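2 protein chains.
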Amino acid sequence: MAETNLQILLRRRPQGAPVAEDFEIVETPVPQPKPGEVLVRAQYLSLDPYMRGRMSDAKSYSAPVAIGAVMEGQTAGEVVASDVPGFAPGDTVLGGFGWQRYSSVAPGRLFKIDPGEAPLSASLGVLGMPGLTAWVGLEDIGQPKPGETVVVSAASGAVGQVVGQIARIRGCKVVGIAGGAKKCEFVTEVLGFDACIDHRGDLDAQLDAACPNGIDVYWENVGGAVQRAVFPRLNDHARMVMCGMIAEYNDTSPAPGPNLMSAVRKRLRIQGFIVSDSGWPRYPQFRTELLGHMASGRLAWREDVVEGLRQAPQAFIGLLKGENFGKLVVKID
Amino acid sequence: MAETNLQILLRRRPQGAPVAEDFEIVETPVPQPKPGEVLVRAQYLSLDPYMRGRMSDAKSYSAPVAIGAVMEGQTAGEVVASDVPGFAPGDTVLGGFGWQRYSSVAPGRLFKIDPGEAPLSASLGVLGMPGLTAWVGLEDIGQPKPGETVVVSAASGAVGQVVGQIARIRGCKVVGIAGGAKKCEFVTEVLGFDACIDHRGDLDAQLDAACPNGIDVYWENVGGAVQRAVFPRLNDHARMVMCGMIAEYNDTSPAPGPNLMSAVRKRLRIQGFIVSDSGWPRYPQFRTELLGHMASGRLAWREDVVEGLRQAPQAFIGLLKGENFGKLVVKID
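For the protein sequence lines, the chains are U and C, in the order given.
Using the UniProt record's numbering, you'd call the opening residue of the first sequence number 1 and step up by one each time.
Using the UniProt record's numbering, you'd call the opening residue of the second sequence number 1 and step up by one each time.
If we strip away everything but chain U, and leave its shape as in the complex, we get (with noise of 0.2 Å):
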């Protein structure tokens, strides 16, 4: 092996948006694998808005990344060495090895999986957390029934994308709600949604066409204006689905949300959930029965694939302004 490893390390918290100097390139020694690690290379990188999170010591659900780590994220690669019996060189493996080219883990970590079943980058993505996220949500919370409207911000990204086309699959009405006319058009010809609305024209009088009898599942994904714009349509039983807030997340105060008597007077359910939390032990199933929709060609998805891992803290930058058009993952040289 005499590649190095590359690695990209949080190099200072960041004041509002990241900016590059707050992530750090080095190039290091490939490491050598303990007793009962297996060494992956990894070919792919996932980069999603809650890293934005794991880059503020502000209280979350998981701790920070320490100043000088490897930032964290999901990887698809494939294994080098093994000291683990069941890995072995040249398997295909899932796991959370961060930022960086090489990583020696211990197993638990690690999901192998069958690379001839769906394109590597696929395992990031609509096969990977985001569409893991979309479907524990609607399983847990969202519970969208027949004949529903759902709505889904951030419908053209990487979580949006499937969430939509589950909800469809299971014979609701699905509006999306995305930026810009080009991921509208992605939104509704290509993931076939029911119709999708773009944020940065009127919000109300394009809710007010698109969903004639109210939202009754609300998939938040990114708050802000769009929220203030939905809450007041949600119908009685609502259940709003709080994945993320993207637009709020260099906010260095938080935004007043709405008025909390329509909970009540609605029976509206809002709650919140972290895939990491319960979504794991389920993967086997999801991932099942997405196959299944790729298979009968009911799942389609896009990829905005950056070239590169020194090309992965300007990415990330542009993914938490909207810039990218799919699901953002970064091919590793």
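Among the clues, some could well be false.
Chain copies aren't distinguished; within one or between two, either way the pair holds.
Quick list of in silico lysine to any residue cross-link-like pairs, SDA-like style, CA-CA up to 20 Å [stated by the list, open to error]:
1. K266 x I141
2. K266 x G53
3. K112 x G292
4. K112 x P256
5. K331 x G297
6. K145 x P254
7. K331 x I317
8. K112 x V84
These are calculated hints, taken from the structure and not from any lab test.
Nothing here was measured: the structure is a model prediction, and the numbers come from that model.
Based on the hints, put chain C in the right spot on chain U.
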């Protein structure tokens, strides 16, 4: 029946806090029961905060009381005449007969109860709709587990009393919030809560002292400043049972609520419910459980009994200002 009926009507919709002139007191003939009806003379009327919502024509979970119609409300009384098998003169019944002395109703809206089980007025409070509200909200949303910290606002009120005592019986640490030293003393000394916070004092300091391990279940009866103080103290996976927000019922425009990003970060479940949605079919189960707690001496309650139906409007106006102390009922003359 030489006696007349006495009825309290909604004369007009209140602007902000209701005033006496919003009601009209009339004497009318005692109704003649139609075939298939039961004529009931009410002995107790329950006054409850939700009635403020019924006086407005704003969109709500239930149709408003029409102008000129009898105010709605739960009552307990005695059957005077019956054209329905299974109901005989002298039977004791519960039902939503409204703010009036006599009513003639179909049996689908009647519960026959054993008057020997508990004082009749208790069937409007701890054993009535408020008690059932407490039980259903804890069963379906709060789901308190032994050792958890449960905070109950309006703790000395009709619902709060029962919420806290059930949670205590289930092994929780229970902290009430009430207005003034007298109510707080009642909450700890009579109801047996572990602590009670006076919302007229420094909420933050008192919550810090009473809830050193944060809050796992918050029973929301009041909204306003109490909600703003409690919300940031909710633990991961906390449940916020949205039962009412009485402090804001007279507001003509809604105040902003909490930023909902913490619903994601902490996986909060914020959920409203209305007891009439699913509560009454479970009334027998609830009543049996509560009668068991009464029999074992583990359930205390306090009523604020107002004498005479003509006093109902003033008593209700006082209820919305927190002037009652215990479950407010009117003894019908």
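Comparing the hints with the structure gives:
Taking identical chains as interchangeable, the C-alpha atoms of K266 and I141 lie at most 20 Å apart whether they share a chain (16 Å) or sit on different chains (15 Å). In this assembly of identical chains, the alpha carbons of K266 and G53 lie at most 20 Å apart only when taken from different copies (13 Å versus 31 Å within one copy). Taking the shortest Cα distances, K112 and G292 sit within 20 Å of each other inside one copy (19 Å), while across copies they are farther apart (55 Å). Taking identical chains as interchangeable, the C-alpha atoms of K112 and P256 are never at most 20 Å apart, the minima being 44 Å within one chain and 48 Å between chains.
Taking the closest pair of Cα atoms, K331 and G297 never come within 20 Å of each other, the shortest separation being 26 Å inside a single copy and 68 Å across copies. Within a single copy, K145 and P254 get their C-alpha atoms no closer than 33 Å, and across copies no closer than 31 Å, so neither meets the 20 Å cut-off. For a Cα distance limit of 20 Å, the shortest separation of K331 from I317 inside one copy, 17 Å, qualifies, whereas the shortest one across copies, 67 Å, does not. Taking identical chains as interchangeable, the C-alpha atoms of K112 and V84 lie at most 20 Å apart only when both belong to the same chain, with a minimum of 12 Å there against 69 Å between chains.
When held up to the earlier numbered hints, the structure conflicts with 4, 5 and 6 and fits the remainder.
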